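A.B. asks: Spelled out, the chains give:
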Amino acid sequence: MGRVARGDEGAFTELVGRYGGRLLGVARRLLGSRADAEDAVQRALLQCYLGAGTYRSEWAVSTWLYRILTNVCVDELRRRKSRAGELEPPARPHPPDAHLDLRRALSRVPTEARVLLALRYVDGLSYGELARIRGISINTVKSQLQRGKSLLKSALIKGGAV
Amino acid sequence: MKKPSVDDILTRYFAPAADAGDLAKQVLTAARESARQSGRLLDRISIQTTPLGVSLIRAERLEKPATAAARRLAERAREELSEYFEGKRAFFSVPVDLSEAPDFQRKVLAAARRIPFGEVRPYAWVAQHIGHPRAVRAVGTALGRNPVPFIVPCHRVLQTGGGLGGYLFGTDVKSRLLSLERTTPVYEGCTSTHIVCRVGCVHGRHMRPDNRVVFASVDDARSIGYRPCKVCKPQAA
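Chains as they are written, first to last, in our numbering: chain A, 1 to 162; chain B, 163 to 399.
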């Protein structure tokens, strides 16, 4: 990380190689489309590259990257929500998709719980790490995950998937 | 066959995506680009104030503030604009003085101010909003003569087809402002105080960058135990 902070492009490329796929995974599942996810990850990585000096060495690099990425994704979700309030979303027929039920169910889960679920299930992050990423207590993490999962479950039961 | 549990479904759904490709290269290119592009807009503008608020922002030299109150407002406006251009402010709290503007223009500017940060509306939307749906051209003219650009966000008004329309400082500045707003968050919380503010609040200025978390709404922040700031009152935004 120190090398990245000094502007070492090789070190940065290595960092992206190591974490890029997982970051994309989280962003894709939070934002839905691959294009939006790539855009978000790119913006997050740019912030990482320019702000590498603010990295605290007592944090795992992944925690720091995920914090920045979730910040970008959450803001993107805010923009979508307010856009949806203003304009009617286009009624596009969905392509057949095995994940469609889940995606629909997930869209009912409140943003914060959804973010935690994505981080937990893409990378198997620990409660402690999730707590540090969103700046909350471990108990809040647990109750949010629980709440998210029970909302999901009831939505999926209604859809007949579980 | 046993039906899968929620845990199984989630694990499968969230399996990591494919490789990152040449993301690193793209980001490095963007970093170089942004370093090159940081031509300072703030150095190009002059601000004129009355004791009531900002009355004019233009590229040419303007009258110096006449009173101490006006001077203070000019300083405050410059500071807020500087933070805005750096992506560290999502609202303006400095007052504007539009008493010189004609009635119609004042209505148009008030409608433009209602467009949320980071969003855009067509000229026709503004016309509709002020109750003159056919006065689209007049709306365009009124916005083009906006005495206080940036603070009254006339740059968020575009042509119906998505075309940029015109802008006082040129359309390249207009599109730069729009992409700046697209990457500036609106709500941020501090992980040590658990207070959520609008980006640009005095509280946020003292926040360490590594304590910053972004929220999609004040309700979301509340749901995980953050409370709204009493200074910037984000719930009213």
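These aren't lab readings, by the way, just hints derived from the structure by calculation.
Any given hint could be a false lead.
Unchecked claim - Derived lysine to aspartate or glutamate pairs resembling EDC-like cross-links, with alpha carbons at most 20 angstroms apart:
#1 B/Lys226 <-> B/Asp205
#2 B/Lys187 <-> A/Glu129
#3 A/Lys153 <-> B/Asp170
Unchecked claim - Quick list of simulated restraints, FRET-style, between CB atoms:
#4 B/Arg299 <-> A/Gly124: 41 to 47 angstroms
#5 A/Gly128 <-> B/Gly332: 37 to 43 angstroms
#6 A/Gly51 <-> B/Arg234: 18 to 24 angstroms
What the hints assert, rightly or not - Chain B is faced by these chain A residues, among others (derived, beta-carbon under 8 angstroms):
#7 Thr54
#8 Ser107
#9 Val109
#10 Thr111
Bear in mind that the values here come from a model prediction, so they are computed numbers and not experimental data.
For glycine and all other residues, C-beta sits at the position ideal for the given N, C-alpha and C.
A.B. asks: Evaluate each hint against the coordinates.
C.D. replies: Verification of the supplied hints:
{"no.": "1", "hint": "B/Lys226 <-> B/Asp205", "in the structure": "holds (16 angstroms)"}
{"no.": "2", "hint": "B/Lys187 <-> A/Glu129", "in the structure": "violated (29 angstroms)"}
{"no.": "3", "hint": "A/Lys153 <-> B/Asp170", "in the structure": "holds (12 angstroms)"}
{"no.": "4", "hint": "B/Arg299 <-> A/Gly124: 41 to 47 angstroms", "in the structure": "violated (58 angstroms)"}
{"no.": "5", "hint": "A/Gly128 <-> B/Gly332: 37 to 43 angstroms", "in the structure": "violated (50 angstroms)"}
{"no.": "6", "hint": "A/Gly51 <-> B/Arg234: 18 to 24 angstroms", "in the structure": "violated (33 angstroms)"}
{"no.": "7", "hint": "Thr54", "in the structure": "holds (4 angstroms)"}
{"no.": "8", "hint": "Ser107", "in the structure": "violated (13 angstroms)"}
{"no.": "9", "hint": "Val109", "in the structure": "violated (11 angstroms)"}
{"no.": "10", "hint": "Thr111", "in the structure": "holds (5 angstroms)"}
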